[in-house]
Amino acid sequence: MPLMPGAEPYHHDAGQIGVLLCHGFTGTPQSLRPWAEYLAGHGVSVSLPRQPGHGTRWQEMNRTRWEDWYAEVEKAFADLQGRCAEVFVAGLSLGGCLALRLAEVHGAAIRGVMVVNPSITLDVPLLRLAPLLKWFVASVPGVANDVKKPGVRELAYTRTPVKAAASLPGLWSLVQADLAKVTQPLLVFHSTEDHVVKPASVAIIRAKVPQATIEELTDSYHVATLDNDADRIFAGSLDFIRTHASVPLQRD
Numbered sequence: 001m002p003l004m005p006g007a008e009p010y011h012h013d014a015g016q017i018g019v020l021l022c023h024g025f026t027g028t029p030q031s032l033r034p035w036a037e038y039l040a041g042h043g044v045s046v047s048l049p050r051q052p053g054h055g056t057r058w059q060e061m062n063r064t065r066w067e068d069w070y071a072e073v074e075k076a077f078a079d080l081q082g083r084c085a086e087v088f089v090a091g092l093s094l095g096g097c098l099a100l101r102l103a104e105v106h107g108a109a110i111r112g113v114m115v116v117n118p119s120i121t122l123d124v125p126l127l128r129l130a131p132l133l134k135w136f137v138a139s140v141p142g143v144a145n146d147v148k149k150p151g152v153r154e155l156a157y158t159r160t161p162v163k164a165a166a167s168l169p170g171l172w173s174l175v176q177a178d179l180a181k182v183t184q185p186l187l188v189f190h191s192t193e194d195h196v197v198k199p200a201s202v203a204i205i206r207a208k209v210p211q212a213t214i215e216e217l218t219d220s221y222h223v224a225t226l227d228n229d230a231d232r233i234f235a236g237s238l239d240f241i242r243t244h245a246s247v248p249l250q251r252d
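First residue of the sequence shown: 1, per this note's numbering; consecutive thereafter.
Hint data in this document are derived by calculation from the structure and do not stem from the laboratory.
It is possible that some hints are incorrect.
As the list claims (entries may be wrong) - Mimicking BS3-like on lysine-lysine, the simulated pairs with C-alpha atoms at most 27 Å apart in a straight line are:
hint, residue 1, residue 2
1, Lys149, Lys198
2, Lys181, Lys149
3, Lys181, Lys198
4, Lys75, Lys181
5, Lys163, Lys198
6, Lys163, Lys149
7, Lys148, Lys198
8, Lys148, Lys75
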């Protein structure tokens, strides 16, 4: 299946510290590419995979489920772990949920977690109907491109594949049930105005992960990694890595 131009994965080999970046539901690596390139430019080894069913056609995504997306980031983590002394994980939206799941599963093998507007609970009314709707409709209007900055667009599907969406509650339930296993340092960037993910996800994290640092973004919508606060996210994540890594960055 041909890829959308710009939806390609991104990898960069640098020093002993690696960061795995996970893009969001119906999105592509494009939404995190500037973040990945920023970290790479500061001596971080970076892996930004494209999850199955993403970056082609929404019909293709309807053939995939959350287990397929998680398997891809799990594979990327194992590869990065084999090449780096320490690994951090990060993600946007549902990619943040995948990053948290990796932290729950791998424990001390992950040095720290950085998420932007993570989605870990069923807070979109339409998605509550997805398990039923999947038998009647193939897609519904998409949730992509929630960006405040003029002239910037997220490369993502304009339709939400319903069969794929119907698998999300299973992942959310799993991640919520195991949140106490996230004992690593956790940095959460949260847009105060987000038209895709409601505040409930961050509220759950705040209640169940006491060591989490929550930083509010006041000038960005959901896809904050492409928005007005992007530079703050990039610099803040680099500082987080420097603070919690036990080995130096390639360029420090």
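Results for each hint:
Of the supplied pair hints, the one linking lysine 149 and lysine 198 holds, its CA atoms being roughly 20 Å apart against a limit of 27 Å. Taken as a hint, the lysine 181 and lysine 149 pair is broken in the structure, with Cα atoms around 36 Å apart against an allowance of 27 Å. At roughly 23 Å between alpha-carbon atoms, lysine 181 and lysine 198 fall within 27 Å of each other, so this suggested pair holds. Distance hint between lysine 75 and lysine 181 is fulfilled; the C-alpha atoms sit about 21 Å from each other, no more than 27 Å.
Annotation: proposed proximity of lysine 163 to lysine 198 holds, straight-line Cα distance about 22 Å (limit 27 Å). Annotation: proposed proximity of lysine 163 to lysine 149 is violated, straight-line Cα distance about 31 Å (limit 27 Å). Pair hint lysine 148 plus lysine 198 holds up; C-alpha atoms about 16 Å apart against a cutoff of 27 Å. Proximity of lysine 148 to lysine 75 is assessed by CA-CA distance (about 33 Å); at most 27 Å being required, the pair is judged violated.
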